[in-house]
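Numbering follows this note's numbering, with no gaps: position 47 of the sequence shown is 47.
Among these hints, one or two may not hold up.
[Said to hold, decoys possible] Computed Cβ-Cβ distance ranges for the label pairs, DEER-style:
no., residue 1, residue 2, range
1, R33, E153, 24 to 30 Å
2, G121, E151, 26 to 32 Å
3, W8, H167, 50 to 56 Å
4, A104, R144, 47 to 53 Å
5, W49, M113, 46 to 52 Å
6, R33, L3, 45 to 51 Å
7, W2, H85, 30 to 36 Å
8, W49, W2, 56 to 62 Å
9, L94, R177, 19 to 25 Å
10, P23, E151, 45 to 51 Å
11, A104, I21, 35 to 41 Å
12, P23, G157, 23 to 29 Å
13, A109, S36, 26 to 32 Å
Keep in mind the hints are simulated off the structure, nothing from the lab. Computed from a predicted structure; not experimentally measured. Even for Gly, the Cβ is constructed at its ideal location relative to N, Cα and C.
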Amino acid sequence: MWLVLFLWVAAGYFLILKIWIDPQPRGRLQVERPLSLLEVPAHSQQILWLDDSLPAAAYTVILTAALGQGELDSHYGLALGEEAHYLEITISPLGYAAVTEVVAGERLAVQIMAPFPHVQGGAAVNEIWVTVDAPTAVTVRLNREILWQGEIEMPTGASAALVGQSHGAAAEVDFQRLQLFYE
1 MWLVLFLWVA
11 AGYFLILKIW
21 IDPQPRGRLQ
31 VERPLSLLEV
41 PAHSQQILWL
51 DDSLPAAAYT
61 VILTAALGQG
71 ELDSHYGLAL
81 GEEAHYLEIT
91 ISPLGYAAVT
101 EVVAGERLAV
111 QIMAPFPHVQ
121 GGAAVNEIWV
131 TVDAPTAVTV
141 RLNREILWQG
151 EIEMPTGASA
161 ALVGQSHGAA
171 AEVDFQRLQL
181 FYE
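The task is simple: from the sequences and hints, build the whole structure.
What follows is the structure, given as structure tokens:
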């Protein structure tokens, strides 16, 4: 009898965690795009803008990626906006993460590059979640854990971009998929 009661309590606890505590994307899955490898030459940065437009209403973008091979002193991630003004979220295989706003080529640190315990190091797969609730309310999660929340003016007519940067030898980033959720 105690075993049955324990199993019911454990199952209820698990369901509460999955439904009420585990973050949920805004809206329904509208776009799921398989991606590919991005080769980043030594000591360079690449930004590859995608064709998908982001909605004006609330949305969540989820990027799944990992370091394929190469330089560990590198960063990869996601940019949202347009070439002249965007929000960039990058992580490093060494366990670091940053949020940067780029306006007319000027990089403004929103969350400086710092260790973040939820970044999976090396070639492990990471998820970058960005939820935009209003034109300025943004939440950034790494592997479902909040990295940063705040106010950033998101450009209208924005799109997403893949970001890769190497501070040493060449790196290869395995961008696996991009998901876009909205109503």
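How the hints compare with the structure:
For the pair R33 and E153, the supplied restraint of 24 to 30 Å holds, since their beta-carbon distance comes to about 26 Å. At about 31 Å, the CB distance of G121 to E151 agrees with the hint of 26 to 32 Å. Here the CB-CB span from W8 to H167 is close to 52 Å, well matched to the stated 50 to 56 Å. Separation of A104 from R144 is about 33 Å and departs from the stated range, judged on CB atoms against 47 to 53 Å.
Here the CB-CB span from W49 to M113 is close to 23 Å, at odds with the stated 46 to 52 Å. Here the CB-CB span from R33 to L3 is close to 46 Å, well matched to the stated 45 to 51 Å. The supplied range of 30 to 36 Å is broken by W2 and H85, whose beta-carbon atoms lie about 60 Å from each other. Checked against the given bound of 56 to 62 Å, the beta carbons of W49 and W2, roughly 59 Å apart, stay inside it.
Between L94 and R177, the C-beta spacing of about 24 Å keeps the proposed range 19 to 25 Å intact. In this structure, P23 and E151 break the distance hint of 45 to 51 Å, their C-beta atoms being roughly 19 Å apart. One distance hint, 35 to 41 Å for the beta-carbon pair A104 and I21, holds here, with the actual separation near 40 Å. The given range of 23 to 29 Å is respected by P23 and G157, whose C-beta atoms sit roughly 27 Å from each other.
Look at A109 against S36: about 30 Å separates their beta carbons, and that is inside 26 to 32 Å.
Hint compliance for this structure: hints 4, 5, 7, 10 are broken, all remaining hints hold.
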